[in-house]
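Peer 1: Note that the protein sequences, when read in sequence, are chains A and B.
Per the working numbering, residue 1 is the first one in the first sequence, and the count goes up by one each step.
Per the working numbering, residue 473 is the first one in the second sequence, and the count goes up by one each step.
To be clear, the hints were calculated from the coordinates, so they are not data collected in a lab.
Pairs of lysine-lysine, DSSO-like flavour, derived with a Cα cap of 30 angstroms:
1. A:Lys353 with B:Lys748
2. A:Lys436 with B:Lys540
3. A:Lys276 with B:Lys516
The model shown is predicted, which means the values in this text are computed figures rather than measured ones.
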Amino acid sequence: MLDKDQIKQLRRMKEKHPMPEQAPQDRVKNYNEVPFGYDADTAIKEATRCLQCKEAKCVEGCPVEVDIPGFIGLIAEGKFDEGIKKLKEKNNLPAVCGRVCPQESQCEAFCIRGKKGEPVAIGRLERFLADYELAKGVETPPKPPSTGKRVAIVGAGPAGLTAAGDLARMGHEVVLFEAFHATGGVLRYGIPEFRLPKEKVLQREVDYIASLGVDIKTNVVVGKTITIDELFDEEGFQAVFIGTGAGLPMFLNIPGENLNGVFSANEFLTRANLMKAYLFPDYDTPIKLGKKVAVVGAGNVAMDSARTSLRLGAEEVHIVYRRSDKEMPARAEEIEHAKEEGVVFNLLTNPVKIIGDENGWVKGMECIRMELGEPDDSGRARPVPIKGSEFIFDVDTIVIAIGQSPNPLIPQTTSDLEISRWGTIEADEEGATSRKGVYAGGDIVTGAATVILAMGAGKVAARAMDNYLKTL
Amino acid sequence: MLFESSVLINISFHPHLEKDFFIIMANLNVKKGIVKEVGFCMFKIVKKRVLADVSKLMEVEAPLVARKAQPGQFIILRVDDNGERIPLTIADSDKEKGTITIIFQEVGKTTMQLGALEEGDYLSDFVGPLGQAMELPTTGRIIAVGGGVGIAPVYPKVKAFHEAGMEVISIIGARTADLLILEDEMRAVSKELHVCTDDGTKGHHGFVSDILQKFLDDKSQKIDEIIAVGPLPMMRAVSNQTKPYGVKTMVSLNPIMVDGTGMCGCCRVTVGGQTKFTCVDGPVFDAHEVDFVELTRRGQMYLQEEKVAVDKYEHECRSGGGR
Numbered sequence: 001m002l003d004k005d006q007i008k009q010l011r012r013m014k015e016k017h018p019m020p021e022q023a024p025q026d027r028v029k030n031y032n033e034v035p036f037g038y039d040a041d042t043a044i045k046e047a048t049r050c051l052q053c054k055e056a057k058c059v060e061g062c063p064v065e066v067d068i069p070g071f072i073g074l075i076a077e078g079k080f081d082e083g084i085k086k087l088k089e090k091n092n093l094p095a096v097c098g099r100v101c102p103q104e105s106q107c108e109a110f111c112i113r114g115k116k117g118e119p120v121a122i123g124r125l126e127r128f129l130a131d132y133e134l135a136k137g138v139e140t141p142p143k144p145p146s147t148g149k150r151v152a153i154v155g156a157g158p159a160g161l162t163a164a165g166d167l168a169r170m171g172h173e174v175v176l177f178e179a180f181h182a183t184g185g186v187l188r189y190g191i192p193e194f195r196l197p198k199e200k201v202l203q204r205e206v207d208y209i210a211s212l213g214v215d216i217k218t219n220v221v222v223g224k225t226i227t228i229d230e231l232f233d234e235e236g237f238q239a240v241f242i243g244t245g246a247g248l249p250m251f252l253n254i255p256g257e258n259l260n261g262v263f264s265a266n267e268f269l270t271r272a273n274l275m276k277a278y279l280f281p282d283y284d285t286p287i288k289l290g291k292k293v294a295v296v297g298a299g300n301v302a303m304d305s306a307r308t309s310l311r312l313g314a315e316e317v318h319i320v321y322r323r324s325d326k327e328m329p330a331r332a333e334e335i336e337h338a339k340e341e342g343v344v345f346n347l348l349t350n351p352v353k354i355i356g357d358e359n360g361w362v363k364g365m366e367c368i369r370m371e372l373g374e375p376d377d378s379g380r381a382r383p384v385p386i387k388g389s390e391f392i393f394d395v396d397t398i399v400i401a402i403g404q405s406p407n408p409l410i411p412q413t414t415s416d417l418e419i420s421r422w423g424t425i426e427a428d429e430e431g432a433t434s435r436k437g438v439y440a441g442g443d444i445v446t447g448a449a450t451v452i453l454a455m456g457a458g459k460v461a462a463r464a465m466d467n468y469l470k471t472l
Numbered sequence: 473m474l475f476e477s478s479v480l481i482n483i484s485f486h487p488h489l490e491k492d493f494f495i496i497m498a499n500l501n502v503k504k505g506i507v508k509e510v511g512f513c514m515f516k517i518v519k520k521r522v523l524a525d526v527s528k529l530m531e532v533e534a535p536l537v538a539r540k541a542q543p544g545q546f547i548i549l550r551v552d553d554n555g556e557r558i559p560l561t562i563a564d565s566d567k568e569k570g571t572i573t574i575i576f577q578e579v580g581k582t583t584m585q586l587g588a589l590e591e592g593d594y595l596s597d598f599v600g601p602l603g604q605a606m607e608l609p610t611t612g613r614i615i616a617v618g619g620g621v622g623i624a625p626v627y628p629k630v631k632a633f634h635e636a637g638m639e640v641i642s643i644i645g646a647r648t649a650d651l652l653i654l655e656d657e658m659r660a661v662s663k664e665l666h667v668c669t670d671d672g673t674k675g676h677h678g679f680v681s682d683i684l685q686k687f688l689d690d691k692s693q694k695i696d697e698i699i700a701v702g703p704l705p706m707m708r709a710v711s712n713q714t715k716p717y718g719v720k721t722m723v724s725l726n727p728i729m730v731d732g733t734g735m736c737g738c739c740r741v742t743v744g745g746q747t748k749f750t751c752v753d754g755p756v757f758d759a760h761e762v763d764f765v766e767l768t769r770r771g772q773m774y775l776q777e778e779k780v781a782v783d784k785y786e787h788e789c790r791s792g793g794g795r
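Take these sequences, add in the hints, and give me the full structure.
Peer 2: This is the structure:
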C-alpha cells in the first residue's frame, strides 16, 4: 500500500505515468502491439492521481457512461476484481475501448487534473483492468430471467456488439448477424493487429458477448441473405438494431484511380487485418505492395494504412493531406506513433492525377500544393490550390483513405426506413428510426465516426429498445 | 423458424478449433437436435462431380442462400480458416434441398484445394446470394454464349429463360472436347445447342464467335439479346463482334474480390466511363460499355502471388502436409 506521503506526492504529479512501448525501430518489423500496458504497481499509482471528484466531469465525456472515478478508486485500493465489475456495468468491451478510444477528446478532456498538467490516464487504466481480467479468466455475469422477446442485431461491429450485449443482459433473446466470416466489424477488418490484437483481445471480448447469451451468426448479409422485412415477418423478431457502419469506400474521382496499385483503405486494411495478408502465403490472401507508398488522407484510417505499409516492408511511406497539421483528424497518439516509425507527412498537398506505366501499374501521382483559405462548412480552413505548383510524386502504391460512406444494402432493401440524402439512416437521439421496432446507431446513422461513439449509440438504443419491447 | 438460438453454434466460429473437431461437433449437435440449421456453422458438400479434367461441380448445403438465389448472382466461399474469399457464380440452386451448385475450374491454390474436397466434407464459409439478379427479358430471341468454365454461369440464365417459356439458342465452346461441361444440361434448356471446340475434337472446329457470326449475319431473324460468359478474351471478342450490329450484349464479370458487399472496391470496373463495383452493381453488365483492357489488367494484379501460393500448396501436397 502507498503511504500518506506517496499519495500526496502522486496527487501533485503533473504528468501521467508513461506506458512502456516497443521502440519504433523494433515495432516496424513486427505486428505485435505497440504499447505494453501498465503493470499493477503503475496502475495503482496512476489511479491515485485521480481526485475522486464528487461531480465527476470525466463521466460526461464518456459515451457509454462508465463510472470512471468508481473504477479508478477501486484500482487505487488494489481491488481489481471489483474494479473490472464496476467498469463492465456499463462497458462490455473495455479491452477494446482502453486501446482505441480517443480518450484525449472524451473522458480525459474533462478531467480536472488536465487543467494543470496532464489528465488522469483513464484509457490506460481501463486497459489495465480489462487486461487483468483477460489474463485471469473472464467472468460471465448471471443470466437474467428471460423476457421471451426476440431481437435481431445487424452488424457485429462496435455498435452491434454493444447493443447485443446490453440487450442480452436485459433478458432478451438476441441474435447477432454478421456479413463477414468473422465478428468485430471495423475492429477486425480496419484496426490493425498492432493497435488491437485480434485473438488476444478482440476475440476474447466477442466471446464474452457470446457468453452473455448472444447468438452470433456469421456469413449472413442482411439485405441479401435475408431482409429486415423478413426478420420481422418470417423469423418472429420483435425489434431490430441496425449497426452496419460506414462500409462504402470513397475515392478521389481523379484520373488513374483504377490503375493497378491503387487501393481503397478498406481493401488495403481488410486484406492485411481480416484476411491476414501479412502472413501470406501461410494465409491465402496476398497484398501487393510496392516500395514507395502514398496514403491519401490524415485520419486514423490513414495512419493505420501508413503504419501497416511499413510493417509490410515498404521502404518509404508518405501521408498526403490537403490541409495542414492542425486539421488532421487522426488521434494525436496515432500521428505521433506514425512519425516515430518514419512515416513522412506531406501536408497542404492534394493529388490531381495518378500516372501509370506501360503495364498499367502506378508509377507516380501528380499533386498540387495547397494553401489555407477561409473556413468551409466544416469550420476548418478551406484548402485552396496554388496555381502552377503541380509536381510529380514518385510512388508505386497508393492507398486512398479519405473516408467511407454508409453501405446502401439495408437502406435499399428495407421498407419504410427513412434515409438522409447522404445515405445514412435517419434516427432520433435514442436510435429510433422511422420504422416501428427498428433502431439504428453508429456510422450508419452518423457517417464515419469513432468506435466509442458507435458503442454509445448501441448502448442508448439498447435501452430504448428494451423500453419498446416492454410495451409489446 | 430458421434462427433458433444455440450457444453451441458459436463454437464453430472459433478459429483455433481444428476443422475435424467441429465437424464432429456439428454432427453431434445435429443428432441431439440442437443445431437446427447445419448450414449456419458449416457448409456441407453433398455432391461432387468431375465435369471435365479440372472442372468440378459441387452441391453445397446452404439453405439460406438457396432460398434467395436468383440467376446472375454469386456466392463467396472460404475453404478453411486460412483461406481467401473467392467469388463463384451460382450455377444452380434448389430451395427444397437447400443447396447451391457451384462449378469451378482448378486454376489457383484455393480452387485446387476446393477440388480436393469430397462429398461429406465441409467448407468453413459460404455467403450469399450476392450481386444483382440478372434482368430477364420476357420476350424476344436470345442467344447465350458460354466459353469453357463460363458455361456454368450461362446455364442458370438459360434455364431461367427456358422456365419462363422462352426459346434460347445456345452456343458453347471449349479448347477441347474433354473440357466441355454441362452439354446435356444446356441442351435440355435450349431450343438449339451449338457446340464448338478449338481443336475440332467435338462439334464445330473453331470458336464460338464463328457460330455467333452466322446468326449476326442472318438478317431474316432479329437477335434481341446476347448473353456471353467465359474467359475475358472471349467476352471481349464477343463484345467487339456484336457491337457493330448494335445487338445488346450482356456479360458476367468475375474480377478479384475480397468482401463482396461493396466494402472494399477491389472489384471496381469501368462501365460506360463510370467506376462500378462488380459485387454490388454487377456482376452482369452491358458488354459494350465495359472497359475490358482495364479489367484484364486488374485481373493480373496478383499473378505472381498466385504462383507462390500454388507452388507452396503443391509442395505441401507432395510432402503429405496438405490435402
